[in-house]
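Visitor: Chains as they are written, first to last, in the working numbering: chain Y, 500 to 976; chain G, 472 to 937; chain D, 119 to 567.
These aren't lab readings, by the way, just hints derived from the structure by calculation. It cannot be assumed that every hint is accurate.
Claimed, not checked - Anything over 10 angstroms on all C-beta distances counts as not near chain Y; from chain D, calculated:
1. Thr140
2. Ser238
3. Asn416
4. Asn431
What the hints assert, rightly or not - Derived EDC-like pairs (lysine to aspartate or glutamate); straight-line CA-CA distance at most 20 angstroms:
5. D/Lys296 / Y/Asp930
6. D/Lys296 / Y/Glu901
7. D/Lys296 / Y/Glu941
As the structure is a computational prediction, the values presented were derived from the model and not from experiment. Yeah, the Cβ is synthetic: ideal placement off N, Cα and C, and Gly gets one too.
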Amino acid sequence: MTDHDLLASIRAVVGDEYVIAHREDLLVYEYDGSVDRSMPRAVVLPADTQQVSRVMALAYDAGVTVVGRGSGTGLSGGAITPPEGLQIAFPRMDRILEVDTVNRTALVEPGVINLDLDNHVRGFGMRYAPDPSSQRACSLGGNIAENAGGPHCLAYGATTNHVIGMEVVLEDGEIVHLGSMAREAAGYDLRGAFVGSEGTFGIATKILVRLLPLPETVRTFLGIFPDIDSACTAVSAVIGHGIVPAALEMIDALSIKAVQNVTDAGYPNDAGAVLLIELEGLNEEVDEVSGEVEAALWDTGAADVRVAEDDAERERLWVGRKTAFGAFGTIAPNYYLVDGVVPRTRLTQMLRKVSEVSERYGITIANVFHAGDGNLHPCMLFDAREPGVMEGAMAAAAELMEECALLGGTLSGEHGIGLEKKEFMPLVYTDADMEAMQRVREAFAPENRLNPGKIFPDGSYWRPSAHPAAYTAGMYV
Amino acid sequence: MVSAPDRHSDAGQHMGGGIDAGHGFPYGLPFEGSLNDGPGFAGSDAPAEEDLYRCVHCGLCLSACPTYVETRLETESPRGRIALMKAVHEGRAGISERLVSHWELCLQCRACEAVCPSGVPYGRLMEHTRAQVQDNDLQSRELGHLSRLFLRAALPHNGRLRLAGHLMRLYQRTGVQRLVRKSRVLSLMPGDLAAMEAQMPVMGREFFSPRGQVFPAAGEKRMTVGLLSGCVMPLMQGDAMRAAVRVLQRNGCDVAVPPAQGCCGALNLHAGDLELGRHMARRNIDAFKRAQVDVVVTASAGCGSSMKEYGDLLRDDPEYAEAAHEFARNTRDITEFLAGLPLHPPGAELPWRVTMQDPCHLAHAQRITEAPRQVLRSIPGLELVEMAESSLCCGSAGFYSLIQRDMSRRLQERKVGNATATGAEVIASANPGCIGQLEQGLRDASAGIRVMHVVEILDAAYQAER
Amino acid sequence: MPARGMTRSGSLVSQLVDLVGTEAVVRAADLPDYAIGPLLPVAAVKLTNPDEVAAVMAWAHRTGIAVYPSGGRTLTQLGNTPTRPGIALDLTGMNRIVDFQPADLTVIVEAGVTIEQLDSAVAQDGKHVPIAAPLGDRATVGGTLATGISGPMRSAYGLPRDWLIGISVVGADGTQSKAGGKVVKNVTGYDLNRLYTGSLGTLAIITEATFKLAPAPTEWAVIVAGFDSIDAAAGAAQNLQGQHYAPLGLHVLTGEAAMRIAPSVAGSALSVAILGGRPTSMKRRVEDTVGLWAQVGNTVHVARNDEANGLINALTDLPAGGDSPPRVCVRINTQPSALQQVLAFSRVALGSAEPPSVAADVGFGGGRLLWWGELADADPALVAIGLQGIQSEATSLGGGAIIERCPDAVKALIDVWGEQPSGMEIMRRLKQQFDSQNILNPGRFIGGL
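With the rest of the complex left out, here is chain Y (with noise of 0.2 angstroms):
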């Protein structure tokens, strides 16, 4: 089959305007949210499973590769397609499909957007708990791809959490089913495999996810400190006093400037660090609680702690934190952010050794994070139009992941590994870890189709291709 037979063949399948071929159309199909870009040989924008499995058979057979693409917000070139591979987008399949009250499930095609699906479910006394930063944007599809967390995974988990089963097509356009209606299911846990292979196993068409019951009661805290050091302490003091939150967020002093500087989140100017602290439950529980909480930030030096009085409060502390990212172009032109996890007792550890780094490379670098889970955002500041800043900032990235890994953690706390990272990824796997994940994917996609190049080291450490000024990457955490 030569090429234009395939694309005629594809046509023929999903309609000739569903097939995205022209190369200025292309040019906004060559990005995600990441920082490296390539144009796909032709975008296809299908309507249902049965077209998915048919384009996906007729590439299969023609030798092409083929990538899946959401709404392309992810932070490390999950989406980013190879030369002349082809894109399959779900535009067309974003219907919420059903929503059970009784069995709390929701039923959805991949091009759902994170946030639709919970506003829509809300209306049920429901809610979708995973709440990525770029949720009203990105799509289940993707969540599912990339395992996606966010702020609340620390009480509720990430996406792999709240999956029940899928209605999966394979590279060679098989269509299968994995997991089940029910929560538990006989057999290997495909589904769980699956959930976080950035699209390198199957393109998931159809997903069955679990709602939660809205809590009876939620409160948001901000806790004031005067440095970090004493900021993070808290963070150990409210989970060492055996209380998870719903959310426990940290804001630095450089990052609070850059958010107050575009929107008043009503973070103090003068602080050294502040904790955003969300508690959910019961009425007589979270009052409690709270009572714990305030006591725990008090004890380790906050200058002042506050509640959120009412909706309009919470939402202007949550749209601090989640613009805190795009803020920083208050300060520098470019930022690059390191996704890396450590042990939560290895915060303070962990922020001297990218203050030290911050130092050492003449680089700012602002923090803003998912404290209560150990996930750093450490998000170096430059202006890549100066000579050998980039280099610099590259090299202190590195640092700041091997640093990661010596304390115990790990090198992406939700944002994947895709391009970006694969490198790096010898830092915390052996070569028999990373045969062992291999097999997986030999049994998933034997043929390797399916966005190959991504996750495994081979030995070609990235280089970006973008235009140098465009060398910023990681928003939204």
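Mind docking chains G and D on chain Y? Use the hints.
Guide: Below, chains G and D alone, put in the same frame as chain Y:
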């Protein structure tokens, strides 16, 4: 300027070798289409590199963009449009018909700008991009016509506009319109003309003309405000203008309507005619300076947003730069102004159920959403109900509704659906374009709802006091 | 592949002695302890570290002899009959708590650590790993993970896979590897934790596990209410579901199962709610639950703390049953909405045996069917047909049924895991990739894997 070579020619290498090119097409046939059909950006009005690369393509703008929400296509998203600008900037693509079609589908509602965490000045980028498109004469046929006929020939000239307005009113009032529609003469005309006729705004009963009037404050005088009369608003919505004057008077303002003022230039700027826009800005700055007002107030969100950006527009004009900043600083949307006074609450009840439609240039460009609601809430007995997607563009967007009829119609239907779902009897807005678009949409949907400017509602409440 | 030395266990034993030393090789007299159904292992070794496990596996891989990993031997009934004899690999000697970090809320343990040992290690700090297995004093962490077994609070706490954040295994060829780590949030590489969990030791041998911890409730209560009919019990239980103070576990029990849990509470069916929390919230949890149930039930009994824990353990142990385990035990997996259909299984006859007790898990969905009565005169073929009927009925409800326990003669006639799922081909390829010689627990898993 830094520019990168076209990296698509070296497939297999430009991913840092990270992707095995061996899995790609074995035939190596070329892509469809070419990237080199057309000129690049040039000159001082080209989109600035600093603005372009503030966009880190995070995608958070996607769900705010009306055209993306409708199509779910990256090409019709703010991020996609900026990527196309970057491609031209980097010399990887030329300005072509296809790129222009994606840029022109943009409503310039700037909803993306309001949610962009990186602060990308999208409105400015799009205006500068359209300027480049215009400089190269690559606009779509429709926009080209419109630009020549209306944006350049009529808008800058109040006299010509009024004349056209009189003719349109005559056409609509005398029954010729009915006759023409019935006779299907229009269907024999080129498609554009027939559609444009359908979109023709309904002319108000009475126009509102700037003749240098000063309307005195009622009661104790608080300050002197200058009122922008603008271009089409006094023709289409003279009633709203008069209501604006009355509520300002009622709140202790002398209201001056300086004679030499004209159109704010917003539509020209949006279409990319920066030079003409600057000319119109200078004229307004002069006019209001002579009138010696404390603040400049406008009842048109689109004008307000544009006037607040005069400083940026004229920053390289040595003669006007400072005056432009001053003017921008003193410009207020009328709802913003009233809410900030604070206004005298009406003494009588107005038992209406009202829903607020946020004009893009108020909510997104000026980030004002609370002020109009504050004004409405000050009216005793009025029930304010929120509609879904209240700040999603209604599809009016200046002359967009004439050029991108399909998309405009889709957004109009969406807006009317959201508004009627609230059960409100009045839709409040604060922009002439939106009001016209909503009225037309409601006519089509035969919904029994009125559309009023916020100040008209407030005025009605004051009238009820008597 | 036929294994060398299979017929002459003497030389096999000497090879094992060479590999791991005399001390580690189990005496022939103790081999019956390691029986899996009708199958006796030809030898058994009790190992104390992963290197020994690796050495034995490398050897087994070379020789092709089958290996049956063994923990507390509380669930050896689970799975199909092994296809060929082999050696038992006893991991209960690997029983160290490797690292407990209360402030990080993580704990690392060796696979042979028992559930009880794990519980008490972390309990002193007010924490728990909310996983559970029958006979927790013997059941090991490795076995719990391998079987994926869970307890009566799974509706609130999830399954063992939800608490596992890192794992070390020895592969079928003796290669040691790990997955995950010791941080609670991790998307670095594929999630093999979940793959190994519930794989019944057919992909690799688990040697060490890292769990995340949660603060344990400081107060426990179990509310037991008797009802005149199964429907009434089910209705009362479902009423609790929608409440903010919904319980950590919610069950409806019939027949013998009800008798074993609460003989003194009258009625033909029981509803059981497990409540946990802080004292402040426990007041409302208990009062409101009792309030709801007292209106419709016969007797409502509130058990607190020690008595409550006793009841939770009894519920956990039901399928294994201590001194008198059920003859047949079927685990039904369905959505919660299929409660009526699950309870209707209480009318299913199995051969000539009495209909089963049902222990329905109202919160999680599904539950267990338990037959304690004699099956002696029942024709195995008839029993097998009955069980397959249950399996296909459960499958048609969007779930499935796993025969956790049944007589060997019946087991020989069925796949205890039920109908092969849609991903069966992927599962076969997985097994091939991880254990190309088919030496790990051969034949015991789904579809004969």
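Visitor: Please flag the earlier hints that this structure goes against, numbers listed from lowest up.
Guide: The structure conflicts with no hint, since it agrees with every one listed earlier.
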